[in-house]
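J.: Listed here are the chains, written in short residue letters.
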Amino acid sequence: MAAQTKKAGQSLAGERRNKNILTVIFGVIAVIYVLPILLVLMNSFKANTFVKTNTFDWPNADTFVGWANYIKGMTFGNYPFIKSVTYSLIITLVSSALILLCTSMAAWYIARVDSFICRVCYYLFVFSMIVPFQMVMFTLSKTADTLKLNTPVTIPIVYLGFGAGLAVFMFTGFVKSLPLEIEEAAAIDGCNPVQTYFLVIFPMLRPTMISVGILEIMWIWNDYLLPYLVLDRTKYMTIPIHIQYLQGSYGAVDLGAIMALITISIIPIIVFYLTCQKYIIKGVAAGAVKG
Amino acid sequence: MKKLKNDGTAVNSALLRRPIQRWFPLFLLPTVVAFIIGFVYPFFQGIYLSFCKFTTTSDAAFNGISNYLNALKDATFVHAFWYTALYAVVSLLIINILAFLIAYVLTQGIKGSNLFRTVFFMPNLIGGIVLGYIWSMIFDGILSRYGTSILLETKYGFWGLIILMCWQQIGYMMIIYIAGLQAVPEDLIEAAKIDGATKWQTLIHVTIPNVMPSITICTFLTLTNGFKLFDQNLALTGGQPFSFMADGTIVKTTEMLALNIYNTFYGQSASARGVAQAKAVLFFILVAVISLIQLKTTKEKEVQQ
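Top line first, the protein sequences correspond to chains Z and U. All residue numbers for the first sequence refer to my numbering, where the first residue is 2 and numbers rise by one. All residue numbers for the second sequence refer to my numbering, where the first residue is 131 and numbers rise by one.
Don't take each hint at face value.
To be verified - In silico DSS-like cross-links for lysine-lysine, where the CA-CA straight-line distance does not exceed 25 Å:
| no. | chain 1 | residue 1 | chain 2 | residue 2 |
| --- | --- | --- | --- | --- |
| 1 | Z | LYS20 | U | LYS241 |
| 2 | Z | LYS283 | Z | LYS84 |
| 3 | U | LYS429 | Z | LYS283 |
| 4 | U | LYS358 | U | LYS241 |
| 5 | Z | LYS236 | Z | LYS73 |
| 6 | Z | LYS149 | Z | LYS20 |
| 7 | Z | LYS143 | U | LYS323 |
| 8 | U | LYS358 | Z | LYS283 |
| 9 | Z | LYS20 | U | LYS323 |
| 10 | Z | LYS53 | Z | LYS84 |
| 11 | U | LYS358 | U | LYS429 |
| 12 | U | LYS329 | U | LYS241 |
| 13 | U | LYS323 | U | LYS203 |
| 14 | U | LYS203 | U | LYS183 |
| 15 | Z | LYS279 | U | LYS285 |
| 16 | U | LYS241 | Z | LYS177 |
| 17 | Z | LYS236 | Z | LYS143 |
| 18 | U | LYS329 | U | LYS285 |
| 19 | U | LYS426 | Z | LYS177 |
| 20 | U | LYS329 | Z | LYS53 |
| 21 | U | LYS285 | U | LYS358 |
| 22 | U | LYS429 | Z | LYS143 |
| 23 | Z | LYS73 | Z | LYS84 |
| 24 | Z | LYS149 | Z | LYS84 |
| 25 | Z | LYS177 | Z | LYS73 |
| 26 | U | LYS203 | Z | LYS20 |
| 27 | U | LYS329 | Z | LYS283 |
Claimed, not checked - Derived coverage of chain Z by chain U (criterion: at least 3 residues anywhere in the stretch with Cβ under 8 Å from a Cβ of chain U; other residues may be distant):
| no. | segment |
| --- | --- |
| 28 | 70–76 |
| 29 | 81–92 |
| 30 | 273–284 |
Quick caveat, the hints were computed from the structure, so don't treat them as lab data. None of the values given here were measured: they were computed from a predicted structure. Every residue gets a Cβ at the ideal spot worked out from N, C-alpha and C, and that includes glycine.
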């Protein structure tokens with residue numbers, strides 16, 4: 002009996018030791034994991050020629066240039082970076098808001114009316130989720146061009162169209178799980194459908210709104226090809242387009258300035274992530290059904 | 131049970147259905163119009179154009195299936211297909227094994243699990259173009275010491291992309307695996323322990339069969355992500371290095387399917403656009419088939435449970 006307890010105690014201590022070892026190992030892996038971001042930050046303070054040769058060295062007297070890369074990056078490539086940031090912000094926020102509002106209304110209509118047309122629409126929306134962008138990119142950019150949807154203010158319509166599938170799918174699934182009695186009570190109390198939707202349904206959709214909103218924000222903020230093909234590139238750029246433009250087609254590549262711009266574009270993402278981490282992880286896991 | 135609920139819905143919602151239906155222009159119409167502009171019309175026009183010779187959408191002339199034949203004869207497309215398939219399979223294995231291992235350890239109650247979860251997931255939020263340039267800086271920083279570059283050898287480009295995608299996707303898959311692992315009933319593990327199963331036996335015979343749904347989801351996610359990869363491929367190598375074939379065609383050795391389609395559309399010769407659209411249709415069919423297989427597998431799993 003005593004021997005058994007002792008043995009159990011030993012194995013418990015052993016397990017605790019193993020767990021501590023694992024914590025240490027994972028700590029090291031976690032440091033390696035954030036290293037790429039630290040490297041970007043470090044290199045954004047080095048002169049261009051040293052980014053390639055001294056990538057892994059701490060900035061020193063020879064290589065350190067202070068904020069010069071950031072100042073240069075702001076106007077690098079004859080296009081002010083602040084304009085790209087502004088357009089990225091406008092496009093992301095307006096498109097996400099439009100998608101959330103329109104698709105949740107459409108999903109409620111589809112789930113409640115449930116007519117033949119609704120079902121056709123629903124299956125088309127679901128179908129659109131598996132179609133890769135390359136399939137429609139040429140025709141979509143031509144259509145958007147013809148309809149003058151090529152500005153930051155009108156491109157949200159294109160995003161609503163191409164991104165509707167996943168949002169409608171997620172909202173419809175959620176609406177179907179809501180009890181009908183609440184809406185019937187609202188109808189009996191004299192709400193018309195618009196009031197029912199905005200006063201009763203909309204507040205209940207909150208959890209799905211957050212999940213869908215996060216998925217859409219992440220998609221649109223990072224999207225490169227759709228805005229690149231749809232927007233009038235001589236006037237409008239977003240952050241990914243701007244960075245690709247500097248690296249790709251602009252004559253003399255200045256790696257230091259590019260690292261400075263990458264740092265600026267990553268900071269809002271990290272802040273956004275650390276503040277709504279819980280929702281982001283939940284939202285992303287919910288979107289995994291997309292496949 | 132399900133049948134009963136449906137009947138109930140049909141009776142009750144008569145009160146709701148009619149009034150809602152009258153508001154069709156407000157509720158459904160905006161999304162449907164945008165959907166037609168942004169998806170339905172371009173999709174069907176794309177299928178039509180794949181059977182045409184065209185440089186822009188207005189000068190299309192029907193020419194049967196010759197675009198498809200040219201696409202399948204195109205050495206760069208065939209190369210891109212095999213390169214992409216190889217990449218997709220290798221990344222699928224590495225990402226899923228590592229993500230599962232990490233998720234398994236993080237659900238064993240080690241200290242700092244939440245912090246590690248936060249760190250591992252973070253790269254997922256960074257966009258493909260930015261990721262590509264971050265890693266091209268790192269790889270070139272290493273390779274330049276040996277007098278070479280990621281743009282000079284196909285194998286560097288391939289493994290570079292694998293490392294990049296691991297960094298981005300392991301965190302995402304880890305989240306799905308953690309959710310799956312936490313849903314495994316505690317008493318099953320307890321019972322296995324009482325029956326004298328070792329940790330390893332418990333993992334193989336109890337835990338893994340119970341997280342099969344998560345494994346299916348993650349497998350197909352990494353597979354479709356692999357096939358659809360574009361931004362990272364463009365930013366990291368852009369298809370370099372090039373190899374010159376005997377007949378004069380230039381094969382971009384690290385070019386994947388999506389990038390190949392893009393380059394055919396917007397490359398030097400606008401006359402190849404019909405072929406590019408045919409490639410895009412073939413690409414769509416490939417991705418759709420993978421998705422359908424996934425749907426079928428998931429359904430079968432549900433039946434078994």
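J.: Work down the list of hints and note, for each, if the structure agrees.
T.: Against the structure, the hints come out as follows:
no.: 1; hint: Z:LYS20 / U:LYS241; in the structure: 8 Å, holds
no.: 2; hint: Z:LYS283 / Z:LYS84; in the structure: 32 Å, violated
no.: 3; hint: U:LYS429 / Z:LYS283; in the structure: 23 Å, holds
no.: 4; hint: U:LYS358 / U:LYS241; in the structure: 37 Å, violated
no.: 5; hint: Z:LYS236 / Z:LYS73; in the structure: 20 Å, holds
no.: 6; hint: Z:LYS149 / Z:LYS20; in the structure: 60 Å, violated
no.: 7; hint: Z:LYS143 / U:LYS323; in the structure: 63 Å, violated
no.: 8; hint: U:LYS358 / Z:LYS283; in the structure: 24 Å, holds
no.: 9; hint: Z:LYS20 / U:LYS323; in the structure: 19 Å, holds
no.: 10; hint: Z:LYS53 / Z:LYS84; in the structure: 28 Å, violated
no.: 11; hint: U:LYS358 / U:LYS429; in the structure: 24 Å, holds
no.: 12; hint: U:LYS329 / U:LYS241; in the structure: 20 Å, holds
no.: 13; hint: U:LYS323 / U:LYS203; in the structure: 59 Å, violated
no.: 14; hint: U:LYS203 / U:LYS183; in the structure: 17 Å, holds
no.: 15; hint: Z:LYS279 / U:LYS285; in the structure: 38 Å, violated
no.: 16; hint: U:LYS241 / Z:LYS177; in the structure: 40 Å, violated
no.: 17; hint: Z:LYS236 / Z:LYS143; in the structure: 18 Å, holds
no.: 18; hint: U:LYS329 / U:LYS285; in the structure: 38 Å, violated
no.: 19; hint: U:LYS426 / Z:LYS177; in the structure: 23 Å, holds
no.: 20; hint: U:LYS329 / Z:LYS53; in the structure: 47 Å, violated
no.: 21; hint: U:LYS285 / U:LYS358; in the structure: 20 Å, holds
no.: 22; hint: U:LYS429 / Z:LYS143; in the structure: 38 Å, violated
no.: 23; hint: Z:LYS73 / Z:LYS84; in the structure: 15 Å, holds
no.: 24; hint: Z:LYS149 / Z:LYS84; in the structure: 21 Å, holds
no.: 25; hint: Z:LYS177 / Z:LYS73; in the structure: 53 Å, violated
no.: 26; hint: U:LYS203 / Z:LYS20; in the structure: 56 Å, violated
no.: 27; hint: U:LYS329 / Z:LYS283; in the structure: 29 Å, violated
no.: 28; hint: 70–76; in the structure: violated (count 0)
no.: 29; hint: 81–92; in the structure: violated (count 0)
no.: 30; hint: 273–284; in the structure: holds (count 6)
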